[in-house]
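Undergrad: Put the complex together from the two separate chains, hints included.
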Amino acid sequence: MQHTHYLIVGASHAALSALHAIRLHDTEQEVTLLTRDGSLPYSPTVLPYVVSGRSDPARVFLRDESYFAAHKVNYLRGAKVQKVKAGQNAVELADGSNIGFDKLLLATGAAPMLPPIPGLAGLKFHVLRTLADALALREALPRVKRAVVLGGGLIGMHAAENLAKGGVAVSVVELQPHVLSGYFDAEASAMIEKVFSANGVRLLTGASVASVAARDAGCCATLADGTELEADLLLVATGVAPVTDFLAGSGVETERGVLVDEHMRTNVANIWAAGDVAQARGFFSHDRIINGILPDAVDQGRIAGMAMAEDPGTKNYAGGVPLNTYSFFGQQAVSVGVHEGALVQSGVEVKKQLDAEENRYLKIVLKDRRLAGIFGVNAAFDPGIMWELILRAIDLGEEKMAFLRSPQQTARALMSRNWR
Amino acid sequence: MGAAYETLNFKPEACDGCLDCMTACSQAKAQSDDHLQSRIQIVPSGDGFELAICRQCGDPECVLNCPAAALSKNAESGVVDWDQSKCVNCLLCTVGCAYGGIAYDSVSAHVIKCDMCEGAPACVKACTPGALKHVKTARIYNEVGDLEDLFAPGLSGCQGCNTELIMRHTLRRIGPDVVVATPPGCIPGMGSVGYNGLTGTKVPVFHPLLTNTASMLTGVRRHYKRMGRDVLAVALAGDGGTADVGFQALSGAAERGEEMLYICVDNEGYMNTGMQRSGCTPYGAWTSTTPVGERAHGKTQDAKNLPLLMLMHDCAYVATASTAFMEDLYAKLDRAIQAAKTGFAYLHIYSPCTTGWRFPSDQNIEVARKAVETNFVMLWEFNPHDGLRLTHPVENARPINDYLEVLGKYRHLEPEQVAHIERSVATNLGRIEMLAAVKGPTGAAAAAS
Chain A
11 MQHTHYLIVG
21 ASHAALSALH
31 AIRLHDTEQE
41 VTLLTRDGSL
51 PYSPTVLPYV
61 VSGRSDPARV
71 FLRDESYFAA
81 HKVNYLRGAK
91 VQKVKAGQNA
101 VELADGSNIG
111 FDKLLLATGA
121 APMLPPIPGL
131 AGLKFHVLRT
141 LADALALREA
151 LPRVKRAVVL
161 GGGLIGMHAA
171 ENLAKGGVAV
181 SVVELQPHVL
191 SGYFDAEASA
201 MIEKVFSANG
211 VRLLTGASVA
221 SVAARDAGCC
231 ATLADGTELE
241 ADLLLVATGV
251 APVTDFLAGS
261 GVETERGVLV
271 DEHMRTNVAN
281 IWAAGDVAQA
291 RGFFSHDRII
301 NGILPDAVDQ
311 GRIAGMAMAE
321 DPGTKNYAGG
331 VPLNTYSFFG
341 QQAVSVGVHE
351 GALVQSGVEV
361 KKQLDAEENR
371 YLKIVLKDRR
381 LAGIFGVNAA
391 FDPGIMWELI
401 LRAIDLGEEK
411 MAFLRSPQQT
421 ARALMSRNWR
Chain B
588 MGAAYETLNF
598 KPEACDGCLD
608 CMTACSQAKA
618 QSDDHLQSRI
628 QIVPSGDGFE
638 LAICRQCGDP
648 ECVLNCPAAA
658 LSKNAESGVV
668 DWDQSKCVNC
678 LLCTVGCAYG
688 GIAYDSVSAH
698 VIKCDMCEGA
708 PACVKACTPG
718 ALKHVKTARI
728 YNEVGDLEDL
738 FAPGLSGCQG
748 CNTELIMRHT
758 LRRIGPDVVV
768 ATPPGCIPGM
778 GSVGYNGLTG
788 TKVPVFHPLL
798 TNTASMLTGV
808 RRHYKRMGRD
818 VLAVALAGDG
828 GTADVGFQAL
838 SGAAERGEEM
848 LYICVDNEGY
858 MNTGMQRSGC
868 TPYGAWTSTT
878 PVGERAHGKT
888 QDAKNLPLLM
898 LMHDCAYVAT
908 ASTAFMEDLY
918 AKLDRAIQAA
928 KTGFAYLHIY
938 SPCTTGWRFP
948 SDQNIEVARK
958 AVETNFVMLW
968 EFNPHDGLRL
978 THPVENARPI
988 NDYLEVLGKY
998 RHLEPEQVAH
1008 IERSVATNLG
1018 RIEMLAAVKG
1028 PTGAAAAAS
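From first to last, the protein sequence lines are chains A and B.
Position one of the first sequence corresponds to residue 11 (this note's numbering), numbered consecutively onward.
Position one of the second sequence corresponds to residue 588 (this note's numbering), numbered consecutively onward.
These are computed hints drawn from the structure, not numbers from a lab.
Glycine included, every Cβ here is placed at the ideal spot set by N, Cα and C.
It cannot be assumed that every hint is accurate.
[Claimed, not checked] Computed footprint of chain B on chain A; a stretch qualifies when at least three of its residues, placed anywhere within it, have a C-beta under 8 Å from a C-beta of chain B:
hint: 1; region: 63-69
hint: 2; region: 150-157
hint: 3; region: 300-310
hint: 4; region: 350-361
hint: 5; region: 391-403
[As the list claims (entries may be wrong)] Beyond 12 Å from chain A on every Cβ pair, some chain B residues (computed):
hint: 6; residue: TYR592
hint: 7; residue: GLY717
hint: 8; residue: LYS789
hint: 9; residue: THR887
hint: 10; residue: GLU1020
Just chain B, with the same shape it has in the complex (with noise of 0.2 Å):
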């Protein structure tokens, strides 16, 4: 019980009704060119395509149907497994699935379901529209479910806020052995430094001034080191404690090559304080010091890039992540992890802000994908020798309007903004993939050839 499974993702707008799916899923799984025997079954839908599967459901209707112990929910890969010499054809599986996802085939004579290719689907490898989609992060789950909490239970960020899956996500992986400071913005705010002389958590935690985090966590790296303990200077600090008023100390560690892993959590600007204008806010936003009036539009410069001014520090290890993609996220923690042993880390992660950027509680994510597909922000990871590389190159990016319209700070803007916006990401993202197409400085290529 509790463990996560590997599953299928299918994505109805991507489907063309090639149903290659079927086609490679007859031939594995009957070496037969016919549709009928196939475990996954593309049906249409109105204009589209729907599909009909085994959902290897968590608590399986058609195991508790088999009169003859023939179906049996597989605790360790999470497939509901058939035993052809149990099961007697009665199909009362069929009447428990719902979902289409067991049926009868008449060639072979009995029932026939999805058995996820032990681990290796076909019909995803077949699906060249991107449509199917196997999803591995239950991995994710598994490793870090078993990981302590080092966060006290019941913080108090606003609804639908992200940053508290950042917080104990990143502290699970962390562990123990760590100082955390949290500089004035939304994370103490929701508890990391306590209540009633208690903290929020349960690993040493600070609240530095927002002008000296990078400085006071050289000061504790550098102390435990003489002590000759091993112990991670962690930063979890907002957009503006990091790129405006922490720029110095920032810069100053950075440069210095400070041991520490300093996590910037973007959600573009001032959000604990009553939402005023960073750094980080992009161009055209509402925030409360950027006003949407008569004369006023919101925001008229461009947000700073900061990963990449970081990145032009030439640190250790700096990196760009999203919560909607956590097995990047999480492949980024680990190498951040390990290059604040020996040097400076900056890992920026980006967090939709459900108040400050008006919009619903429950699409924090969806937006937070949403940035992602339309380049509005960009995943990419860089150290010294190998340079820059986009993790997740954005090939058909949707148009900026699909992000621009779910948020409320967006809802005033002209179209010459839209424009402006437009225009930005495609400066962003040209300067992005020219650093990309660099394999490496000149340095290392030259001591390398």
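Chain A on its own, in the form it takes in the complex (with noise of 0.2 Å):
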């Protein structure tokens, strides 16, 4: 049987960030990293653009084969982990090969869900979580002159815009009253919508799908209002969950997604798991959450890959804080923190500011005098710094007035006084 000393599994932000924190500590013992793709490693966030062709699909690679050189690691693709064996120490491959391992990364990421919608099971349609995912839906487009995306989250809004920037007509169907309600408010929410509807797109929040079937050469849905969308093309985008059915019987815990210590660790203790997959403890809430964004698959990869090579500068997870950036039609949205809604009402501030003439909406969340969220519409402040200040629970003292009303310098004067 194949051995490794440390095995990855996964080759996203969380399993690369994690073997780079491993060959910043141990340059010589063996890492194997796998992945069920054909390919080199590449993000999810980027397929979108790969889809509406702005990203050349050769071109998107986050490391490449000399890389994997450089650091003395072993790159298997087409390697899908079909089991954990964790008392063998070994995993077993779809092919029914295995590999033993001294520590194990679980950094295998999410996969879409798919709602139990009637007549889905048997239709064709499109998911879009693969560069393969991608590669099919790009191809698929020239034919397609009508859309339906069902969901309005971040994929499938993204899906729709690149959908109708290449003439396609596109209605989206989302189940919230707003689209992209995990991130933005009402208000934000809104100000995205009407610059979606201004583009053509066709947004039906609050709305659910009660059936959908084929017709033609296409699709049809039915919504629970009886509204019939008649379509080319069906992307299902509404959301993605932790894939963790291969380790039934592993004695690994689970919940929703993998659950993990504050140094990304599972219950076994040769094993970790990060990003996507992993379920660790929230910034705001104790509870562990499934925080799935990028930056915080980064994060999680790293202090695992740190905790793996027994790296002494190895530290604490934080906790998840939500937040994201959203670029649409040529504007920002960005969102960092919690709403106030998330927050025990005491000590809570917050001030909006909306200019409808601009498309700009500001809000700030303060809690006890410390940032607790950001969210913008084209606003400019650095997400970054916003994101340190919430983690670090700077105290904005006297300086509270001064963030209020102008956050991005404000914000980068303490950033200069507090971390540099």
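TA: Quick look at the structure:
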């Protein structure tokens, strides 16, 4: 049986960040990286841009063979793990072969969650999680005149925008009253929706699909209110969920994701998990959450990699902070932290600023003079500095009013004083 | 991995908020006067100014955050490069940067960041108050880092002492064809002559008497020369062994123009043996033999200006140096090594003593810097052809108290003692400037005309 000291399953941000951290501390012991994909590592986040043609699929790879050679990494493509044998310190691949390990990182990410809509199972539809998905969608585009997107989250909205730009008549069906409700409040979402509507995208919010069925060469989605949406292409983007079924019987504890501690370690001593598959403590609540965002995957991957390499500099995971950046039709929406609804209400201050003419919105949520959340549409601030202000729980003190007035400048000055 | 890079240095206390750097940057990078397009952002903070700019991190988070492989750390230049053709405008890099170093610019409709202007930053050129500096010291690290360290690991210096740095850097630069003399003092005390029958260096080293360092090196150099071998004779000596006990041998060798490099590591006293005063101990300083009490208030005489005395020997090369100015030190070391092949080269390096001067062990380089910035010591070099040249003239010298107040050995000073030190500094400065104004000795000038 093949054996490796470090075994990393997955090849996206968490995996690559862990690999980077391991090699900063341990340049010698064997590292093997497994991916079920047939390609070099890439990010799921870039896929909508592959669909739209903005990104050349040949140039989206995050590492190349020379990187793996220089860092003495054994990179195995087309290797899908179907079973973790924790007792034997080995994984079993889909082809039946086994790889032994001393330390294992699960960075397998998430997969599209398919809603239980009658008719969906027998229908041809698209999802967007792998490079193959993106290429299939791109390949289908020239024949598409009408499209239905199920789900108004980031993937769905990115795809809807790109389809609309390609001249397709797009309808987005979202169960929640607003799109992107995981990150933005009603005001911000409404502004985003306005831009989409102005660009010809039909948004059906607060709507659910009763059934889908094939019609002609395409399909037809029937909403709960009876509305029928005919389309040549159906994209299901109703969210993603960690893939944990291959862990059944392994003894690795899972809930919605793989449960991990402050060092991203699972309940099994030599197995770690990071990224979209991991369920780790939240920053605002000690419950373990699935944060599922790229910068957090990088963060978790680094901590896991350092812990695995026994780097004495390993720090505890501070907890997941919800955050995201979203560009749409040349405009920007950014969210860092939580809205007031997620906080114990004493000491909470909320400031909202809306400039309808400029399509600009800024909302700041403070808790006990500390930043808890900042949300903007076309508003200038540095998300990285804001994230750090939250993590460090910097007391704004006398700068509070200045911060509310001019968050970018004030935060930059605070940054210089507090962590230069 | 392992390379050092050029960087930008910002001194907030020197920034007057003129924003010329931002104008220069937006002009250079966006052909615009719009400060929003500047990659360098000066922000008001309290009474002063702070800076948001790409730090060109060694382990950049923005690169790890980029889903499109548009950002990468350039191993050659150290710059975090941004490839517009790959960027998808997702802004996730701005989440990864905790320094505001990469930000969305709504005018150009993409993120912008500092690219160091291919090694000639426009902002630095535009900064008249001198708050921004382009630090190129990395060159030294990259060059010297590849040279062999000729001292054994684990020298036993006091915590925070800069002498280990002086010893290791000097010998790396000189290379293995050398015989080193380390007379009694801190340097053998740190282990240059070794323990248990082994030397602390990987090259021949010996322990002359305090009195005869330069004489012995004279013989060593002459012997190797007669054998037809080019072996550099180098002394690494303290100020006591140089200015006092060893001076007659030193003066004689300098006067005869013996071929050697004599490096004096000046910590202003016999620090190795219990911090006694030397001829280089400054006025007012506490030492164990110039105590402070009811009647005594530290040393009552000024230090002798040893490098000036050596200049008066008309040596092939004389220079003063400080570990707070490593580029300057390295340039002088190179010239001294060259000069020592044909004549007497003397290098005087100031070495603040954490133990004997009584200051926190993490402050050595800062103390060395303040000594220069207050003109307490001056950095210059001399050769008989070009005369004396100030290599780091200090125009707006800091008040002498900025230097004195950080050192425990001056804690007792009375105002009149401080005034005395001020006068001594002024006198010294006057003398050096006078010598600097003379363009070479009369003989050389006459020969040239």
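Undergrad: Work down the list of hints and note, for each, if the structure agrees.
TA: Now the hints, each set against the structure:
As drawn, the region 63-69 of chain A meets chain B at 3 residues by the rule of a beta-carbon pair under 8 Å; at three or more, the given contact holds. Counting residues of the region 150-157 of chain A whose beta carbon lies closer than 8 Å to any beta carbon of chain B gives 0, which falls short of the minimum of three for the stated coverage. A stretch counts as covered by a chain when three or more of its residues have a beta carbon under 8 Å from one of that chain; for the region 300-310 of chain A and chain B the count is 3, and the coverage holds. For the region 350-361 of chain A, the stated coverage by chain B is not satisfied: 0 residues place a CB nearer than 8 Å to a CB of that chain, which falls below the threshold of 3.
Note: the region 391-403 of chain A has 6 residues with beta-carbon separation from chain B under 8 Å; the three-residue rule is met and the coverage holds. Distance check for TYR592 (chain B) against chain A: the nearest CB is about 17 Å away, which clears 12 Å, and the non-interface claim stands. The claim that GLY717 (chain B) is not at the interface with chain A holds, since no C-beta of that chain comes within 12 Å of its own (minimum 19 Å). At the 12 Å boundary, the C-beta of LYS789 (chain B) stays outside the reach of chain A, the nearest C-beta of that chain being 26 Å off.
Every Cβ of chain A is farther than 12 Å from the Cβ of THR887 (chain B); the closest lies at roughly 44 Å, confirming the non-interface assignment. For GLU1020 (chain B), the non-interface assignment is confirmed: its Cβ lies about 37 Å from the closest Cβ of chain A, beyond the 12 Å cut-off.
Hints 2, 4, counting from the list given before, are not met by this structure.
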